[in-house]
Structures are given as structure tokens and as C-alpha cells.
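K.L.:
Here's the letter readout for the chains.
Number of protein chains: 2
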Amino acid sequence: MQTELSKKLGIEVPVFAFTHCRDVVVEVSKAGGIGVLGAVGFSVEQLREELDWIDAHIGDHIYGVDTAIPQKYEGMDKSTPEELVAMIEAAIPQRHRDFAEKLLRDAGVPEWPDEKDPVSLSFSVQQAQALVDEALTRPKCAMIVNALGTPPPEIVQQVHDAGRLIGALAGRLKHGIAHKEAGLDFVVCQGSEGGGHAGEVTSMVLWPQMVDAIAPLPVLAAGGIGNGRQMLAAMSMGAQGVWMGSRWLIATEAQAEPAQRESYKAANSEDTVRSRSFTGKTARMLKNEWTEAWEREDTPDALPMPLQGYLTFDAVRRTHRYAGVGDCQKIAFNPVGQVVGQMNTEQSCRDIMFQLLSEYAEALEQVNTVTTQE
Amino acid sequence: MQTELSKKLGIEVPVFAFTHCRDVVVEVSKAGGIGVLGAVGFSVEQLREELDWIDAHIGDHIYGVDTAIPQKYEGMDKSTPEELVAMIEAAIPQRHRDFAEKLLRDAGVPEWPDEKDPVSLSFSVQQAQALVDEALTRPKCAMIVNALGTPPPEIVQQVHDAGRLIGALAGRLKHGIAHKEAGLDFVVCQGSEGGGHAGEVTSMVLWPQMVDAIAPLPVLAAGGIGNGRQMLAAMSMGAQGVWMGSRWLIATEAQAEPAQRESYKAANSEDTVRSRSFTGKTARMLKNEWTEAWEREDTPDALPMPLQGYLTFDAVRRTHRYAGVGDCQKIAFNPVGQVVGQMNTEQSCRDIMFQLLSEYAEALEQVNTVTTQE
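Sequences listed follow chains H and G, in order. Going by full-length UniProt numbering, the first sequence opens with residue 1, and the numbers climb by one from there. Going by full-length UniProt numbering, the second sequence opens with residue 1, and the numbers climb by one from there.
These are computed hints drawn from the structure, not numbers from a lab. Among the hints, erroneous ones may be present.
For chains that are exact copies, the list does not tell them apart, and a pair is met inside one copy or across any two.
[Claimed, not checked] Simulated crosslink set (SDA-like; lysine to any residue; CA at most 25 Å straight-line):
(1) Lys8 with Glu154
(2) Lys30 with Asn344
(3) Lys140 with Asp23
(4) Lys287 with Glu270
(5) Lys174 with Tyr264
(6) Lys140 with Gln126
(7) Lys7 with Val370
(8) Lys30 with Glu374
(9) Lys265 with Gly38
(10) Lys174 with Gln342
(11) Lys174 with Gly38
(12) Lys8 with Asp133
(13) Lys8 with Ala162
(14) Lys287 with His197
(15) Lys30 with Asp114
(16) Lys174 with Val273
(17) Lys330 with Ile62
(18) Lys7 with Glu365
(19) Lys8 with Asn368
(20) Lys287 with Arg317
(21) Lys174 with Asn344
(22) Lys330 with Thr372
(23) Lys287 with Glu200
(24) Lys174 with Thr345
(25) Lys287 with Arg172
(26) Lys7 with Thr371
(27) Lys30 with Gln347
(28) Lys7 with Glu362
(29) Lys287 with Val273
Start from the sequences, fold in the hints, and give me the full structure.
P.N.:
What follows is the structure in C-alpha cells.
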């Protein structure tokens with residue numbers, strides 16, 4: 001199976017695996033797709049360590065790196081990381097800090113062990129630039145993807161000068177059009193059912209509109225794809241590949257505490273919610289007491305990005321590390337799309353890929369039969 | 001193109017057109033699909049008149065009738081229509097009446113011309129039973145569809161005894177499973193992007209889960225289908241046909257005031273909202289001042305079904321009849337799915353069908369090419 005984009009990249013099948021786990025990156029690339037490491041929240045040192053490992057294990061295959069470079073946000077004019085931190089620290093009300101901390105304490109989630117571990121400025125331009133610089137030193141990193149908004153022209157130029165592709169996510173038509181105008185190589189178009197940040201319009205409606213709106217630029221379909229039938233649906237609507245995130249969360253190779261995996265396995269498709277309570281922008285995740293707590297009338301409202309993300313940085317790392325401690329799962333950050341309802345068994349990435357492509361082939365045969373039946 | 005369900009019905013293509021317009025019913029059935037007349041809110045006399053016309057114009061083709069028989073609601077124990085009306089009248093607060101009337105008056109929407117025209121008890125069992133009785137006297141009415149919930153066993157039996165098929169809509173897996181257990185012949189599975197009543201889970205995620213959950217019972221895919229690529233996506237995921245509603249709203253044969261058509265044509269896919277403000281249950285429609293007015297903190301909350309529907313019966317008929325008068329479109333009831341963003345040109349039903357099937361064939365050829373490309 002080949003589309004223009006998969007040919008350009010030289011991969012066997014147009015399956016793009018978004019993941020925070022280096023093992024998943026390597027396994028999916030080795031199975032014929034391409035792993036894309038989600039590096040939001042990583043320090044440069046962390047990214048270096050992960051890419052060293054990936055480079056050493058991926059053989060001749062390629063991979064991608066996903067970062068987040070917002071176009072504008074509060075404090076963007078601050079030039080140094082120190083100034084940015086000072087601005088953010090000053091802007092977060094004590095009531096919000098106390099409320100977040102109380103939720104963690106009430107659920108019995110332990111403190112982070114080392115007070116000196118810094119809070120990462122996930123969404124600063126400086127941080128993103130440093131991550132892109134690091135990624136581009138790696139010959140096997142074939143593409144950069146921006147998780148949030150159109151990347152600045154300098155970065156687009158830098159990536160192209162290095163001979164790599166650059167794309168970005170879009171949950172609205174106008175964002176996809178802006179990406180095209182900025183000279184990107186592809187758009188990852190995510191419907192509202194997807195995990196993490198997404199818009200209001202669902203994949204079924206948004207994908208074909210995006211394909212038409214930015215043609216001939218390739219669209220990768222994201223949001224709602226977990227099996228081969230869904231992949232065929234995406235390709236039927238003109239996508240040049242599928243971008244899957246949720247499905248790998250319970251892959252055997254994924255690094256996650258068992259308690260978090262269990263939360264995903266137990267959830268059905270009605271158990272997610274779009275919430276601003278972790279990043280400050282609407283993102284889809286498992287519904288729980290944390291997401292509900294920030295919605296109540298007598299509680300603080302989520303702050304805008306990047307304030308809320310800074311405020312909850314500690315909650316995210318503590319609920320991931322101590323996923324099985326106390327009532328942690330009642331307040332844990334478990335981002336995932338509505339396909340979570342289909343995710344019930346842990347399989348290796350290779351098996352997931354095999355099953356995805358077998359089911360795709362079977363579904364295509366089936367629909368060909370139905371169509372020609374008289 | 002044939003599925004088991006389309007073969008059973010004896011139609012040429014598995015395209016099910018849900019519409020309130022008799023002309024659309026006739027045109028779609030004559031073009032090879034099957035028109036399904038939405039009769040919610042019709043009196044028996046009205047239905048008789050519409051079906052007389054359809055029977056006279058549809059030739060040898062068949063059609064369906066869609067009604068609404070809720071399983072339970074406030075006042076269901078009341079036995080006569082008069083008692084039901086009395087209960088509902090007593091249960092609607094004056095504040096709600098005044099608020100609805102003020103919105104209509106402020107927008108300059110004229111009064112309904114004849115005070116004696118009764119308010120229909122759209123959601124009563126008695127009303128639905130009478131409509132089903134009438135529909136089953138028509139040999140060309142091949143199927144009954146329940147718009148809301150599993151129909152009572154007596155009605156399932158009655159429809160089967162008459163040699164017709166019966167199906168029902170489902171926006172949640174558990175509803176589809178209940179329909180299967182009740183002995184229905186098919187399920188119309190509608191994702192959250194669909195117009196009218198729908199659940200939280202999107203078509204991309206819900207359809208394949210429903211296909212698996214109720215196999216081998218046929219699933220008709222609804223919600224998000226307006227073109228051939230979307231139809232192919234639905235068939236790819238195992239649907240036995242597509243159920244389209246929004247697309248016919250601006251068909252040239254559809255009966256609607258020009259101002260309402262213009263609202264649909266001007267809207268993009270981000271202009272809809274799921275709102276309780278008309279029926280009391282969450283339904284998707286164009287966002288406007290009416291839907292926003294019922295959300296504000298200083299305004300009344302929508303009442304539960306069937307109270308809100310009774311309260312807004314007058315608003316619905318007035319905003320449809322006087323769609324172009326004053327600021328009517330600012331408060332009009334314009335139910336539609338997210339595909340409204342694709343609906344920009346008025347075409348005949350025949351042209352819509354032709355384009356749908358041509359694009360389907362083209363998309364299938366395209367995906368076959370991509371899949372076999374090396």
C-alpha cells in the first residue's frame with residue numbers, strides 16, 4: 001500500500017504512530033509504518049537520551065519527532081526561560097495551586113521524589129526550538145510535526161534546509177489552510193473524537209473537507225482510528241495515511257504503569273471528555289474526578305495555556321509515576337480518544353500492525369463484494 | 001450494490017433518505033434508494049394526506065415511515081390525550097412560556113394564523129400507535145422506524161404480522177443491543193455528528209462497535225454522511241446501508257422556506273450545537289440566539305421531554321412558516337448534522353443520488369489503487 005506521502009518517506013505502509021514511548025517508535029517503524037515520538041514536555045537532555053536509544057535500535061528505518069510550538073500565548077514576549085517562569089509563577093493564583101494540590105493529596109498521590117527536578121516549559125518557543133535542533137542532528141529523523149498551530153517560518157525553513165518533512169496537526173479547516181500557506185508538507189487532520197487537543201467537528205465530516213480544502217497537500221487522518229475498518233474508512237475519504245495515537249497506549253512495549261493501562265482497558269467510548277483541566281486548552285481524556293472537579297461552579301476555572309499546563313505539570317508526572325497508588329486513577333491524567341472503547345487487550349506493536357492491515361484488507365474485499373453484488 | 005438488507009427490501013442501492021417531505025420520499029425511492037417519511041409531529045389526518053400523495057406518485061417503489069415512541073416519559077401513565085395535555089399544560093411554568101414567547105416576539109415572528117390548530121402530542125404512545133396503524137394500511141410502506149428508543153413489543157409484533165420490517169435509531173451501543181433483543185430487523189446507528197437526537201460517540205467510533213455488538217443484525221450508518229466518500233467509509237466499516245437526513249434539506253424538491261435553506265447553505269460544520277432547547281433531549285441543530293438563550297445562567301433551563309417539545313411546538317411551526325420574516329432565522333429551529341458545511345448547492349434528489357453513487361465508485365477505485373500500489 002502506497003500513497004504519495006508514504007513513497008516520499010520510503011515507508012511500507014502509511015501508518016503513523018504517535019507515541020511518547022521510544023520502544024513503540026522503534027517497533028512500529030520496524031513493522032513498516034513510522035513511529036513519531038511525542039516530545040512535548042521533554043527537556044533537550046531527555047530527548048537526546050531517547051533519540052540515542054531509538055537511533056541504536058531502529059536499524060535502517062526512519063522516525064519522526066512531534067513538538068509543540070504555539071503561535072502566541074501569554075508571556076510569549078518574555079525572552080529568557082527565567083523571565084517566562086517568573087511571569088507564569090506570578091500569574092497562577094494561590095487558590096488554583098491549593099486546589100490542584102488538595103486533589104492530589106486527597107487521592108493519596110505521593111509527592112514527586114526530587115524537588116530539584118524542574119518543571120518543563122512545554123509550550124515555549126525556546127524549548128521547542130532546542131528540541132527541533134536536536135532532532136535535526138539525527139539523520140534517521142525524517143520528519144518534524146507540530147502538535148499545536150502553524151510552526152514559525154524560520155523553523156519550516158530550517159527543517160526543509162535539513163532535507164526533512166514538516167507537518168502539523170489541525171482540528172479546524174482554517175488551521176489546515178494556514179499550514180498549507182506556511183509551506184508545510186502535510187497536515188494531520190484530527191476529528192473531535194481524537195485524544196488530546198481537538199476541535200468540534202468529527203473525523204467523518206472534517207477529513208473529506210480538509211482533503212478538498214488543501215489539495216494536493218497530503219492529509220493524514222487522525223481521531224477515531226484503532227482498527228483496519230477505521231483505517232479503510234480514512235483512506236476511502238482521501239487520506240494519504242492514518243495517524244494513530246490511542247491504540248499504542250496499551251501496546252505491550254508501551255511504558256506505562258499497569259494501573260493506567262487498566263484504566264484504558266476498562267473504559268468504554270462514552271468515558272472520555274473534552275476538558276481544559278490539564279493543559280488549559282480543550283483536550284480529550286478519560287473522565288474522572290479531576291476533570292469533573294474543575295467544572296464545578298464552586299471551584300477554580302482552568303487557566304489559559306500555558307498557565308494551566310505549568311500548574312498541572314506536577315499532577316501529570318505524579319499521577320503517571322504513582323498510577324496505582326491510593327485513588328490515583330480517580331484524578332490521573334489519561335489522555336485518549338473515543339477509540340478507547342475498542343482497546344481491551346494488550347498486544348505487541350507488531351501484532352497491532354498485522355491485525356490493522358489484515359482487517360483493512362478483509363474490509364476492502366468485503367466492500368468490493370458488496371459494491372459489485374447485484 | 002446490494003447488502004442483505006437492501007436485497008430483503010428489494011431496492012437498488014442501500015441509501016435511506018430520512019425526510020419530512022413527501023416529494024423527497026418519492027424522488028429518492030424512484031432513484032433506487034428508499035425514502036423514509038419522518039412523521040413525528042404529524043396528526044393521523046396529515047399522515048393520511050401525505051401517504052395518499054406518496055402512494056399516488058411513487059409508482060411501484062416502496063417507502064418507509066419514521067415515528068417516535070418513547071419507552072417512558074413524564075405523564076406516560078395518563079391514559080387519554082386530554083389528560084396528557086392537561087398534565088403537560090400544568091407542568092410548564094409560566095416563566096418558560098413567557099421566555100419562549102418573548103424570543104419569538106423580539107425576533108418579529110408572526111403569530112400562528114389559526115388559534116384552533118391543535119398542538120400535536122408528538123411523543124405520545126397513542127399518537128404513535130395511530131400513525132403506525134395508518135402506515136400499515138399502505139402496501140408500499142415496507143418499513144417502520146422508531147426515532148426514539150425500542151418500540152413496545154405489541155408494535156414490533158404488529159409490524160411483523162403485517163409483513164413489514166421494523167428498525168430503530170440508536171446513538172449508544174446499549175440501545176442497539178436492546179433493539180436487537182426486542183426482535184427488530186435493523187438498527188440505524190447515529191454518531192454524535194448527526195442532526196437531531198444523537199449521543200456522544202462519533203460515527204467513526206460507534207459504527208464498527210455497533211456492527212460487532214449486534215451482528216448479524218444489519219446496521220444502517222447515520223451521522224456525517226453527505227457524499228460518496230463518506231458513504232464508502234460507512235460501508236467500509238460494515239454498514240449495510242446509509243441513512244442520510246441533512247443532505248435532503250436543501251434538495252430542490254424539499255419543502256422549506258428559502259430563508260431556512262439559506263441558513264443551511266451559509267452554515268459551516270462548526271455552526272451546529274447539541275441543544276436541549278427544542279425537544280428537551282439533546283439534539284443537533286444550527287446554533288443561534290434561541291439555542292444560546294436557553295443556555296444562559298439567568299434564563300430558564302430546558303424542560304424534560306415531552307414538556308419542552310410541547311412548549312416549543314409553536315416556535316417550531318412559526319419559525320418554519322415565517323422563516324424569512326424579521327429576525328426569524330436568529331431563533332429558528334434548524335435541525336441538521338455537521339455535514340451542513342458541505343451543503344452549499346441546491347440539487348434535485350436524483351442529482352444528489354447520482355453524485356453520491358458516482359463519487360462512491362470513484363473513491364472505491366481510488367482506494368483500490370492506493371492499496372495495491374507498491
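K.L.:
List in ascending order the numbers of the hints, as given earlier, that are violated by the structure.
P.N.:
15, 17, 22
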